[in-house]
Amino acid sequence: MLKITPFHSRTAPLVRAQTWRRWAGYQMASAYDPHPDREYAAIRNAAALIDVSPLHKYMLTGTDSARLLDRMITRDMTKCTVGQVYYTPWCDAAGKVIDDGTVSRLADSTYRLTSADSSLRWLQMNAVGMNVQIEDVSERVGTLALQGPLSRAILQQISPGDFTKLKYFRVIETTVGGVPVTVSRTGYTGDLGYEIWVEAPRAEALWDALIQAGTPYGITPAGVWALDIARIEAGLIMLDVDYFSAHHALIEARKSSPYEINLGWAVSPGKGPFNGRRALAAERGRGAAWGFVGLELDWDSFERLFRAHHLPPHLSNIAWRASAPVYRDGIQIGYATSGSWSPLLKQSLALAHLRAPHFNPGTQVRLEITVEHQRKTADAVVRKLPFFDPERKKA
Amino acid sequence: MSARRYDAVLIGGGHNGLVAAAYLARAGKRTLVLERRPLLGGAAVTEEIFPGFKFSVFSYVVSLLRPEIIRDLELPRHGLQILPLESTITPMDNGDYLGSWSDPDETRRELERHSRRDADASAVFGRLMHHMAMAVKPIIGMVPPDPASLAPSDLRGLLKLGGHFRSLGAERFHALHKLMTMSSADYLDEWFEFGPLKATKSASGIIGTFLGPRSPGSAYVLLHHYMGEIDGAFRAWGFQKGGTGGISNAIAGAARAAGAEIRTDAAVERVLVRNGRTTGVALASGEEIASDLVVSGLDPRLTFTRLVEPETLPGELLEGVRRYKFRGSSGKVNLALSGLPDFTCLPGKGPHLRGAVSISPSIEYLERAYDDAKYGEFSRNPYMDIVIPSMIDPGMAPPGKHVMSIFVQYAPYALNGGWTDAKREAFGDAVVDTLARYAPNIKSLILHRQVLTPADIERITGLSEGNIFQGELALQQLFFLRPVPQWAKYRTPIHGYWQCGAGTHPGGGIMGASGRLAALEILRNGR
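As they're listed, the protein sequences go chains A and B.
Quick note on our numbering: the first sequence kicks off at 1 and runs consecutively.
Quick note on our numbering: the second sequence kicks off at 396 and runs consecutively.
Among the hints, erroneous ones may be present.
[Stated by the list, open to error] Selected chain A positions facing chain B (in silico; Cβ < 10 Å): (1) A153; (2) E199; (3) P201; (4) W299.
[Said to hold, decoys possible] Here are the simulated EDC-like cross-link-like pairs (lysine to aspartate or glutamate), alpha carbons at most 20 Å apart as the crow flies: (5) B:K532 with A:D208; (6) B:K744 with A:D208; (7) B:K796 with B:D737; (8) B:K720 with B:D766.
Hint data in this document are derived by calculation from the structure and do not stem from the laboratory.
Beta carbons: idealized from backbone N, C-alpha and C, even for Gly.
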């Protein structure tokens, strides 16, 4: 039996075409309309309300909670102040990524960790001998992402919190529509946006308050399809799509280091001991074997492949998640793992793993696509991620 | 003469002028755009005509903006953001409605409610129109060859065109011929039986022209809508964030980024000509600006009879310009609303309010609307294409309030007795009264009303006779005949003086193709 989120009573009646999917064992809307165009547009133009409750969530308390996190993640936990949020990967001893998520410092020794996979065992294994209580609150806490340029204006209608002062990757405790919540300025869209964390019994009241206050601002419930397009534009990776957990990969070749998935910036080599430190230092010295980059398809080249069949170019209105070979000078140099037409940028985008030294921005490559049952390649150019990075995200 | 010299001066900061400027500047030309009004965009402008309420005052949706322009000028980087406008409903006089939704299955089921036969026909008709649009598409992207010319470039163009039409095959060529010659009512009668469907489809054949759905030649204009469909993958169809002025500003941003200068409040009085060559322009302020290349984005009448001395031009050209038909036939009513309209056919605040509402209950209704105009009156019960932009972009109105854009046809430029303030208000009343038959609460919601007749459109934008396409999109003035035979390739008889507005091929709509093709032709010819 798949689980349902605390917002299910509100989301379920809106899923007009019964387009459900699975996410971490939960039943989740792919889209509320039969296709995601309008939901996506809300993310970039107004505000989208996205149920992201299936994230795994852990509360860490006790005097050693910071020590535990510092040992586990690649960022320097000692520099994380109260009210700050870190996005970070964490690795095994070989420096291969197990998962990625956020750490919020809610109080002196109180932290909330989110992860895509279940992480209880790994937390417990790393906490041996430490004074830390680990509580899995995944089912107790519901999470709504309110994302888009008008998200702040909506929150200000119904919350005493000062959202003009809440900076990017900061978190506050407040109320929204009278419901006690924590609000973090985080998200998976690369836009101005917030994630709102609520105790499950008050979840519906929170949803109702946001919909009511947000309607004049064009608030739109959005599903995973819309989110997927936005996260590709924002160059944000997804576990089990763009990379595999070192804990689950069946072969070594499927594992990635943070440097190989564009998370090198989140590794603090100078900090105290942490999982994977030695391996990552060595990798840093010799340079990563792979790079994770953006690819931008050349439209004329793409269109030509269709014109050969007297067809107009075909673009899906949902993102794709599949492996597609990438070539340079006729030799395979890597593979794309997901991609999408960007309705905003009017470009076909993909996220790709490319071998050194082929991942420098501006490198001309070819991406395999299938046109009229035939495998072809289209010109593409390597781009630095993210593709889309509006000022309002951090402003 | 002012100290600065430019390689190119563009007259008019409408979207075609801006597109041409951007292409010329990208090619390294020192380019200046001169716009008479304080804001850019011509008929693609957003103005806050009532505090807090923003209106796409004239042109209100994007359908045909060329994908190659979006790419070449990197318009998304400069603010182009097109939001989906997903549905159309046609309220019927019996209280029912016909809906067309973004999901093809939902649309098909809706049509089946009214006619199972039409639902089947619709898919086959869509395929035919797809082929017709594919057949015509190359024409939009080419400089029209002159069929009466023996010049190598014209012959090459004609050969290419001939080859293209031969490749269509007999069936599609015959279908194309019918499409070119029939009325939209007759053409649609061959396919469909359900009146509101035929009327709503035929409406796209009469927009901006002084034709009724039963007038021969109106079928061709239907095709313009399907051109958007085959570029559907690119999804350049919908509503620009912030209104159509946002498109003009995006193009202007691209032009500036390429080095172009843009001046507003700079009305050009005339083009300076010496010995058959242009030497620059003189502004209304008396300032003169020197340039060997002057490009007019204004319509053919202004380009050939206002900006230059007509005596310097060949008589055939002037006669052609005189014959060229403007005949503005449409008006616009913009409403600031305190709340949402409640349509009798679909009560409440449903998803239909995020799409278009077409007041086109039957072909007879549209033809009667045309009859009024034919005899010099505005339609007592006009065709209307209504959108509520604030439902798509909440930034267009204060929270909870709305703006409504009503495109209205027919409102003849040559109204009996001429347009007066009283007649403008009577026209506005006819529009609101007609709408109130389908949405009775509308009158109680109106906070502000702006009524624009063709005379107002001419006065504000300069478009002659208020024609929104710089001249009708009628077969006798398209392609190598637009605006005038032998002068369809953006040139004029004055050396260095060019035309780039919608009065040149391929014309009308926020398409930008005229501006782009003109700039490319100028660059190809070294000026």
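Verification of the hints:
1. Taking 10 Å as the C-beta cut-off, the interface hint given for A:A153 holds, the closest approach to chain B being about 8 Å.
2. Given the 10 Å rule on beta carbons, the hint for A:E199 is violated: about 29 Å separates it from the nearest Cβ of chain B.
3. Because the closest C-beta pair between A:P201 and chain B is about 30 Å apart, greater than 10 Å, the hint is violated.
4. Interface hint status for A:W299: upheld, as the beta-carbon distance to the closest one in chain B is roughly 6 Å, under 10 Å.
5. In summary, the hint linking B:K532 to A:D208 is not supported, as the alpha carbons are separated by about 49 Å, beyond the 20 Å threshold.
6. Distance hint between B:K744 and A:D208 is fulfilled; the C-alpha atoms sit about 17 Å from each other, no more than 20 Å.
7. With a C-alpha separation of about 14 Å, the suggested pairing of B:K796 with B:D737 holds against the 20 Å cut-off.
8. Restraint check: the Cα-Cα separation between B:K720 and B:D766 comes to about 19 Å, which is no more than 20 Å; the hinted pair holds.
In the structure shown, a violation is registered for the earlier hints numbered 2, 3, 5, in ascending order.
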